[in-house]
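Engineer: Sequence:
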Amino acid sequence: MTSTNDSIRLKIQRAGAGTEARVVEYDVPPQAAASLLDALRWVRAHQDDTLAFRYACINANACKECMMRLDGKVVYACLAKLEPGTSHTVEPLPNKPLVRDLVTEIAPPKERLFAGEGDDDDE
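Residues 1 to 123 (full-length UniProt numbering) are what the sequence shown spells out, left to right.
Derived by calculation from the structure, the hints in this document are not laboratory data. A virtual CB, placed ideally from N, CA and C, is assigned to each residue, including glycine. Just so you know, not all the hints are guaranteed correct.
Below 16 Å or equal to it, Euclidean Cα-Cα: the simulated EDC-like pairs (lysine to aspartate or glutamate) are [claimed, not checked]:
(1) LYS81 / ASP71
(2) LYS11 / GLU65
(3) LYS73 / ASP48
(4) LYS11 / ASP71
Across the chosen pairs, the derived CB separations fall in these ranges [stated by the list, open to error]:
(5) ALA52 / ASP27: 15 to 21 Å
(6) PRO30 / VAL99: 17 to 23 Å
(7) GLY85 / THR19: 29 to 35 Å
(8) HIS46 / THR89: 28 to 34 Å
(9) PRO29 / PRO97: 21 to 27 Å
(10) ASP6 / LYS96: 29 to 35 Å
(11) ALA17 / GLY85: 16 to 22 Å
(12) GLY18 / PRO84: 34 to 40 Å
(13) CYS57 / PRO97: 20 to 26 Å
(14) CYS63 / ASN95: 17 to 23 Å
Take these sequences, add in the hints, and give me the full structure.
Structural biologist: If you want it as structure tokens, here you go:
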């Protein structure tokens with residue numbers, strides 16, 4: 001998509017676990033980006049269906065699923081507002097194991113569902 005003056009540019013860090021990170025830029029029309037989460041969903045639907053990010057807005061018990069860094073600050077993607085004509089860097093949460101793109105392991109090891117899934121030893 002060609003950038004226009006009012007489009008929102010997202011510079012998204014992309015990587016898989018154990019692979020080198022790269023930054024991919026996407027331009028999003030402002031009407032599709034009331035929040036960062038809306039913009040990411042638009043990118044996945046219209047530009048790149050391989051973009052990985054997590055959210056669970058329907059289930060309030062899963063809140064924190066959409067946490068990531070926007071311009072160096074940890075935010076909830078569903079609450080982070082984007083203004084037309086702006087450019088933003090989007091990265092996964094810091095200090096968390098990377099799964100892919102913007103998806104990190106957020107559950108503490110003791111709360112993971114399957115035995116052997118955590119990275120700490122059983123006591």
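Engineer: Does the hinted range 15 to 21 Å hold for ALA52 and ASP27 at CB?
Structural biologist: For ASP27 against ALA52, whose Cβ atoms are near 20 Å apart, the range 15 to 21 Å holds.
Engineer: For CYS63 and ASN95, compare the CB-CB distance with the range 17 to 23 Å and indicate the outcome.
Structural biologist: This hint holds: roughly 20 Å between Cβ atoms.
Engineer: Does LYS81 pair with ASP71 here, judged by a C-alpha cut-off of 16 Å?
Structural biologist: It holds: about 12 Å lies between the C-alpha atoms, which stays within 16 Å.
Engineer: Go ahead and decide if the range 20 to 26 Å is satisfied by the Cβ distance of CYS57 to PRO97.
Structural biologist: Since the Cβ atoms of CYS57 and PRO97 sit about 24 Å apart, the hinted range of 20 to 26 Å holds.
Engineer: Does the Cβ pair PRO30, VAL99 satisfy 17 to 23 Å?
Structural biologist: At 30 Å between Cβs, range violated.
Engineer: Could one say that the CB atoms of GLY18 and PRO84 fall in the range 34 to 40 Å?
Structural biologist: holds, 37 Å
Engineer: Return holds or violated for the Cβ distance of HIS46 and THR89 against the range 28 to 34 Å.
Structural biologist: Hint violated: Cβ distance 21 Å, outside 28 to 34 Å.
Engineer: Take a quick look at whether LYS73 and ASP48 sit within 16 Å of each other, Cα to Cα.
Structural biologist: Not satisfied, since the Cα-Cα distance of roughly 24 Å exceeds 16 Å.
Engineer: Is the Cα-Cα distance between LYS11 and ASP71 16 Å or less?
Structural biologist: Holds. LYS11 to ASP71 sits at ~10 Å (cutoff 16 Å).
Engineer: Measuring from beta carbon to beta carbon, are PRO29 and PRO97 in 21 to 27 Å?
Structural biologist: For PRO97 against PRO29, whose Cβ atoms are near 34 Å apart, the range 21 to 27 Å is violated.
Engineer: In this structure, is the beta-carbon distance linking ASP6 and LYS96 contained in 29 to 35 Å?
Structural biologist: holds, 34 Å
Engineer: Within 16 to 22 Å: is that where the Cβ-Cβ distance between ALA17 and GLY85 falls?
Structural biologist: violated, 35 Å
Of the numbered hints stated above, those contradicted by the structure are hints 2, 3, 6, 8, 9, 11, listed in ascending order.
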